[in-house]
Amino acid sequence: MSVTPANHKFATRTIDVAEFFKIVLLSLFTLLWLVPVFAAFITSFRTMDDITLRGFWSWPEALSVTNFIKAWGAARVGKYLLNSFIITLPSLAGMIFLSSLAAYALARFRFKGNMLVYFTFVAGTMLPFQILMLPVFRLTNTLGLYDTYGALILIHTAFQLGFCTFVLRNFMRTIPQDIMDAARVDGCGEFRIYWQIVLPLTVPSLAALATLEFTWVFNDYLWAIILLRSDALRPVTAGLATLRGQYNTDWPVITAGALLATIPTLFVFVFLQRYFIQGLTLGSGK
Amino acid sequence: MRDQTWDFSLSSVFALICVVILLFSFLFLPWGGTRLTDNGARLVSDAFSGAPGAREVPLLWLVPLMGSVAVIFAMWGALTPERSRLATFISIGAGIGSLVYFITALGAPQDPKFPLGLGFWAAFGASLGMIAQFLMAMPPVAAAWEGFAAGTGKVFRVPPGLVPYLFIAPALILYFVWIIAPTFYTIYLSMTNWDGITDPKFIGLDNYIRLFTKDRTFTDSLWNNLRWLVIFITVPTTLGLGMALIFNQEMRGGKIFKVSFYSPLVLSLPVIGLIWSWVYNPSLGLINSFLTGIGVTDPPGWLGDRQLAIWCVIAAAVWRQVGYVMVLYLAGLKNIDPQLVDAARVDGANRWNLFKHVIFPLLAPVTTIIAVISMIDSLRAFDLVAIMTRGGQNTQVLANFMYIEAFNNYRMGYGGAIAVVLFAISLVFIGFYLRQTLKDELEY
Numbered sequence: 011m012s013v014t015p016a017n018h019k020f021a022t023r024t025i026d027v028a029e030f031f032k033i034v035l036l037s038l039f040t041l042l043w044l045v046p047v048f049a050a051f052i053t054s055f056r057t058m059d060d061i062t063l064r065g066f067w068s069w070p071e072a073l074s075v076t077n078f079i080k081a082w083g084a085a086r087v088g089k090y091l092l093n094s095f096i097i098t099l100p101s102l103a104g105m106i107f108l109s110s111l112a113a114y115a116l117a118r119f120r121f122k123g124n125m126l127v128y129f130t131f132v133a134g135t136m137l138p139f140q141i142l143m144l145p146v147f148r149l150t151n152t153l154g155l156y157d158t159y160g161a162l163i164l165i166h167t168a169f170q171l172g173f174c175t176f177v178l179r180n181f182m183r184t185i186p187q188d189i190m191d192a193a194r195v196d197g198c199g200e201f202r203i204y205w206q207i208v209l210p211l212t213v214p215s216l217a218a219l220a221t222l223e224f225t226w227v228f229n230d231y232l233w234a235i236i237l238l239r240s241d242a243l244r245p246v247t248a249g250l251a252t253l254r255g256q257y258n259t260d261w262p263v264i265t266a267g268a269l270l271a272t273i274p275t276l277f278v279f280v281f282l283q284r285y286f287i288q289g290l291t292l293g294s295g296k
Numbered sequence: 347m348r349d350q351t352w353d354f355s356l357s358s359v360f361a362l363i364c365v366v367i368l369l370f371s372f373l374f375l376p377w378g379g380t381r382l383t384d385n386g387a388r389l390v391s392d393a394f395s396g397a398p399g400a401r402e403v404p405l406l407w408l409v410p411l412m413g414s415v416a417v418i419f420a421m422w423g424a425l426t427p428e429r430s431r432l433a434t435f436i437s438i439g440a441g442i443g444s445l446v447y448f449i450t451a452l453g454a455p456q457d458p459k460f461p462l463g464l465g466f467w468a469a470f471g472a473s474l475g476m477i478a479q480f481l482m483a484m485p486p487v488a489a490a491w492e493g494f495a496a497g498t499g500k501v502f503r504v505p506p507g508l509v510p511y512l513f514i515a516p517a518l519i520l521y522f523v524w525i526i527a528p529t530f531y532t533i534y535l536s537m538t539n540w541d542g543i544t545d546p547k548f549i550g551l552d553n554y555i556r557l558f559t560k561d562r563t564f565t566d567s568l569w570n571n572l573r574w575l576v577i578f579i580t581v582p583t584t585l586g587l588g589m590a591l592i593f594n595q596e597m598r599g600g601k602i603f604k605v606s607f608y609s610p611l612v613l614s615l616p617v618i619g620l621i622w623s624w625v626y627n628p629s630l631g632l633i634n635s636f637l638t639g640i641g642v643t644d645p646p647g648w649l650g651d652r653q654l655a656i657w658c659v660i661a662a663a664v665w666r667q668v669g670y671v672m673v674l675y676l677a678g679l680k681n682i683d684p685q686l687v688d689a690a691r692v693d694g695a696n697r698w699n700l701f702k703h704v705i706f707p708l709l710a711p712v713t714t715i716i717a718v719i720s721m722i723d724s725l726r727a728f729d730l731v732a733i734m735t736r737g738g739q740n741t742q743v744l745a746n747f748m749y750i751e752a753f754n755n756y757r758m759g760y761g762g763a764i765a766v767v768l769f770a771i772s773l774v775f776i777g778f779y780l781r782q783t784l785k786d787e788l789e790y
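The listed protein sequences correspond, in order, to chains A and B.
Quick note on numbering: the first sequence equals residues 11 to 296 in the numbering used here.
Quick note on numbering: the second sequence equals residues 347 to 790 in the numbering used here.
Since the hints were made in silico from the structure, they are not lab data.
Note that the Cβ used here is the ideal one computed from N, Cα and C, for glycine as well.
Mixed in with the good hints there might be a few duds.
Stated by the list, open to error - Covered, in the sense of this in silico footprint (three residues per stretch, anywhere, with C-beta under 8 Å from a C-beta of chain B), are these stretches of chain A:
hint, segment
1, 42–48
2, 60–68
3, 84–94
4, 106–112
5, 280–292
What the hints assert, rightly or not - Under 10 Å between C-beta atoms, here's a sample of chain B residues computed to sit facing chain A:
hint, residue
6, Val366
7, Phe370
8, Phe374
9, Gly399
10, Pro510
11, Trp524
12, Phe530
13, Trp622
14, Ser635
15, Tyr670
16, Ile733
Based on the sequences and whatever the hints tell you, model everything.
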């Protein structure tokens, strides 16, 4: 087992060289991978005239933040972002609350239809949106909800219920039943067990789920263009499409808008990354 | 002792109910006016951004602000009973804060065109309730409530068999109305000539017959979806697996590389579409200005080229998907028992054999899930096509084709038929996925 000093030194040195090359290659590949993002970033600080005249790969004549100001104000990205939050946060609260209730029942009780309900929720997560579009459009019209935040909040809440229930139910099954039974014996009602015992234990899973769902709902584009007509209500994803039509060839403004639109999810990614990654693996692993 | 202490746990729950009513009324119910489109959220966001036709609603922003504060603290109080006193004081404060708005609004001259709506009054009541919650915490009330609860507990006892259904009902009803019933309703709509305005008329299988026999765009879309699918289950999977294998080892800067590869995941698809449209721009874009820079005289038109366009869109989609696959494989690799790998090493397996005979078979469940997710995602593909080409340049896919037929051409019945075809194809994968889940369930 013992390694002679000379051998040892030799071994580490070769590993260092190999690792050095690996890191150089990976760095190059990573840079290449992120080139589209860098390109957008650089473009957003330039002017279209500068790019047209001197070409994309030239040294920029001047850098300025006017594109961002234009995108935020004149192109209304600020307003669209506000709309995104108004739609996303209530949806998130609604889906987490309702699905945790359902998940609690599915995980704790044996009752008729348990598996059927569970599989209905699982199957629904995979549905293509197109199969729902027409009836949901019609339903929102009938209810007078068409062109309101409420329509989007309801459909997001409802659609994500499937995935949330699936994840939470599987997590809640890992909580020992003994804890709940003990509380039950002490005279605790079922709702109280759910609220004060199970829910606090589910917090790690809830955090991951909420982080993931935030990015999903925030990034939705399809429902926003189906259920809204007023520009004033559009979330930022649909707003960007409008912006693109408006500033047809003014790419610096478009890329500036796109980057501004990314700030909230980027924030989530930077500060809640652990939960985001956990969230991504929630559905796939047991 | 108990009947002399203040009990804040009940008041926190009460405050939580009040604030949920407050926020719900603000978001969903008519506030100034009678239509649902005149809800409080819209009024305040229009006024905030100075949208055309925005009305003056002084101080209305207090309602969502105070509501959000109160909902957080009331929940905190209800979940941690030992903190509920502080939570109660804070949510009472929030109630007073929103009351400032209600008093101003009631004192201001009323606009006869927009009478104060149901939502306003419900929220007004809810904010009064938030302030009145301290009554709930007073010793006599708390004691009385306890006696009352014990009394009703004996009279109205929920039968134990009903309890699980009560927990499931809210979610299931919502799910049924918005997801399950619409799925079946689309099948009916696909056999009608609905145009979105008049009532649908039943026309049998005409839509399907036209779809399968006359519509070239439909076959083109099918082909494009197939291309998407083939690329999606091969390229991101191998690339993602390769990267996961590389990054699974300890390495200097490994974290930075990892983060770089999955960072595209947080970008929304419209943002990705816009960024890549700029990259592909035929005259000024990143690629072509580079190509002309190194002396290529006739660079391809990318998104403008009928042959290339669909591959360009798929490339953008792959760019995003690779990180996702990598994350899933990394999680899978973490779950592999290192002893198995060590045992194979001791037996003299080289790297390739180790991968082929030990690691890859152990990753099989992850691979299956990734394959299913990729297939479903490739059928759902919509946003990128809608943003980058709007389905032009021979890039039409079923999802976007359905959207165009239904919402641009107002052939809703026909669009429904496309949706049903898409659904039928997805059903194969959904069934596969369900079988997998069922197998897990039986093993459990």
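Inset, instruction - Hint by hint, work out which the structure violates, then give me just those numbers in ascending order. - result: none
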